[in-house]
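J.: Those protein sequence lines, which keep their order, are chains A and B. Going by our numbering, the letters in the first sequence line up with residues 15 to 327, in that order. Going by our numbering, the letters in the second sequence line up with residues 125 to 348, in that order.
Treat the hints as calculated values from the structure; they're not laboratory data. Predicted model only: the values in this text are computed from it and were never measured. One or more hints might be untrue.
What the hints assert, rightly or not - Some, not all, of what chain A presents toward chain B, calculated at C-beta under 8 Å:
hint, residue
1, 15
2, 36
3, 40
4, 248
In this text, a Cβ means the ideal position worked out from N, Cα and C, and glycines have one as well.
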Amino acid sequence: MINYFEIVRAGINTTFQDNGRKKLFHIGIPLSGAMDQRNFRLANSIVGNKVNNPVIEFAYQGPVIRYRGDKINFVITGDVIFKITKGKKEIQGNSYESYSIEDGDEIDIISTNKSVYGYLAINGEFNLKLQWGSCSTNTKAIIGSNNGEKFKDGQKFEIKKINLNQIGKKIDYINTKIEKIRVIKGTNFNYFSDQSKKIFFEKEFTVSKLTDRMGMRLEGPKIENIVNTNIKSEGLVKGVIQVPADGNPIIMLSDHGTIGGYPKIGVVISADYDKLVQLSPGSKIKFQEINLSDAETLFKLYEMETQNLISQL
Amino acid sequence: MIKNISNLGDAALYCDFGDEVNKDINSQVIKYFRSLKEKNIEGIINLTPSYNKLIISFDLNKTNFKEIKKLVENDNVNEIEMNSVKIIEIPVCCEDTFALDIERLETKLSLKREKIYENFFNKDYFCYMTGFIAGMPFLGDLEKNMRLNRLETPRVKVPKGSIGLTEQFANIYTFESPGGWNIIGNTPIKIFDSSKEENPNLINPGDTVNFKKISLKEYNNFND
Numbered sequence: 015m016i017n018y019f020e021i022v023r024a025g026i027n028t029t030f031q032d033n034g035r036k037k038l039f040h041i042g043i044p045l046s047g048a049m050d051q052r053n054f055r056l057a058n059s060i061v062g063n064k065v066n067n068p069v070i071e072f073a074y075q076g077p078v079i080r081y082r083g084d085k086i087n088f089v090i091t092g093d094v095i096f097k098i099t100k101g102k103k104e105i106q107g108n109s110y111e112s113y114s115i116e117d118g119d120e121i122d123i124i125s126t127n128k129s130v131y132g133y134l135a136i137n138g139e140f141n142l143k144l145q146w147g148s149c150s151t152n153t154k155a156i157i158g159s160n161n162g163e164k165f166k167d168g169q170k171f172e173i174k175k176i177n178l179n180q181i182g183k184k185i186d187y188i189n190t191k192i193e194k195i196r197v198i199k200g201t202n203f204n205y206f207s208d209q210s211k212k213i214f215f216e217k218e219f220t221v222s223k224l225t226d227r228m229g230m231r232l233e234g235p236k237i238e239n240i241v242n243t244n245i246k247s248e249g250l251v252k253g254v255i256q257v258p259a260d261g262n263p264i265i266m267l268s269d270h271g272t273i274g275g276y277p278k279i280g281v282v283i284s285a286d287y288d289k290l291v292q293l294s295p296g297s298k299i300k301f302q303e304i305n306l307s308d309a310e311t312l313f314k315l316y317e318m319e320t321q322n323l324i325s326q327l
Numbered sequence: 125m126i127k128n129i130s131n132l133g134d135a136a137l138y139c140d141f142g143d144e145v146n147k148d149i150n151s152q153v154i155k156y157f158r159s160l161k162e163k164n165i166e167g168i169i170n171l172t173p174s175y176n177k178l179i180i181s182f183d184l185n186k187t188n189f190k191e192i193k194k195l196v197e198n199d200n201v202n203e204i205e206m207n208s209v210k211i212i213e214i215p216v217c218c219e220d221t222f223a224l225d226i227e228r229l230e231t232k233l234s235l236k237r238e239k240i241y242e243n244f245f246n247k248d249y250f251c252y253m254t255g256f257i258a259g260m261p262f263l264g265d266l267e268k269n270m271r272l273n274r275l276e277t278p279r280v281k282v283p284k285g286s287i288g289l290t291e292q293f294a295n296i297y298t299f300e301s302p303g304g305w306n307i308i309g310n311t312p313i314k315i316f317d318s319s320k321e322e323n324p325n326l327i328n329p330g331d332t333v334n335f336k337k338i339s340l341k342e343y344n345n346f347n348d
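Please construct the entire structure, taking both the sequences and the accompanying hints into account.
T.: Here you go:
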């Protein structure tokens, strides 16, 4: 019997993701990978996979999936509203809890709740082609699984292997929302007026609708550049906050282009990145300045917290 | 040499080689890039060389700023040879259907198109970096009388294979993409080949490029 997922409804932005492509920035290939790495790792852990197994990432409205094949387990992570239909029976699903499904059952991922990304993992492996060591789909660069494209209605994805493990695993975890984003000053911090430097760390910004896997655009008080609104193009990393001539900050996210020419006012710390990407348009945020050594400590704590969650299993 | 090393956030090193853009400074950047790439250092996620900067991003679970900074400071780049450069010839067709901005160039540079093409084709270009979109090479330097700014309003779609000019640089659009460079022709050659896992880029930083003018017929027959 061939086991597969039939995509009844694709959802808004549904793709395969893993932990991304590395060592390719110098040729212009972005990192990609699951936006919220903690929820990605939790999804794999709960169904007993290796932590970097490819999973399905969705944003806002997720897919409706009909399952065909032998009994299998799945889990959904993130703050997600979903239901499972087994014949006439309907079950309201809980995130971070694994469920088993059989031939003909359906998973309806209605939406993420006051957040952006959610993950679906199965205790098995989809039949995916790797490109540069990763299956992660980058729809702008047309790279990765599913020919570099989002899921489409009616597509079928074969599951080539089911890993046998015990069912009924779950963890207790609530996604808290972040309001204060901690930031290390950027390499062009002094390109901005004293007034703007102050505003940057004091005033509120709003996440704009023009936000995707490449970048998060912010609206709020304009940041005034007093030196030069362009720099010679140079490398970028995720979390970098660039300010173009219009004065509205843009935060680079996982699919960002490898080089850019706008001044960098700051960089979001690694410990806050997963929570940052979960902010939906309209969310209000404030930036808080932090130094390097505190940022390193906060990352260690964040990683410890993830490990503790995994050790509940 | 590296003038200053600072941190770019908590998971990247910002190596600053100065503000100028020239071949000497860029060669230094590429030396460091090649040397660190060859060493395949545990924990380094990406090395991004550009005109005069090298950004090194790393896995904060495996290493940190202090450790990588020390490695870079102690790196002996003088052992890296730069003279084994590849010379790559890129065929370019400059028919009007491809040379989208040739009239703008004639006006802005106050040069006839014959002179523009003569200047463009009769020289070697140095590849400073690749990126922005996958495989796009940034090539320099154009002569002073060939330099102009980006379009006031960038195109939503620049055709794949387009050769663009801006400031002291020429580039090649490896994909159809938005962009504001002044387009003077198009190449039928594949600059980025995503089916190649090992080295998808035809042109890499440090390589030398020269352009060869071809006819529309040669262009059309190129991939037969």
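J.: Evaluate each hint against the coordinates.
T.: Evaluation of the provided hints:
| no. | hint | result |
| --- | --- | --- |
| 1 | 15 | 33 Å, violated |
| 2 | 36 | 5 Å, holds |
| 3 | 40 | 6 Å, holds |
| 4 | 248 | 4 Å, holds |
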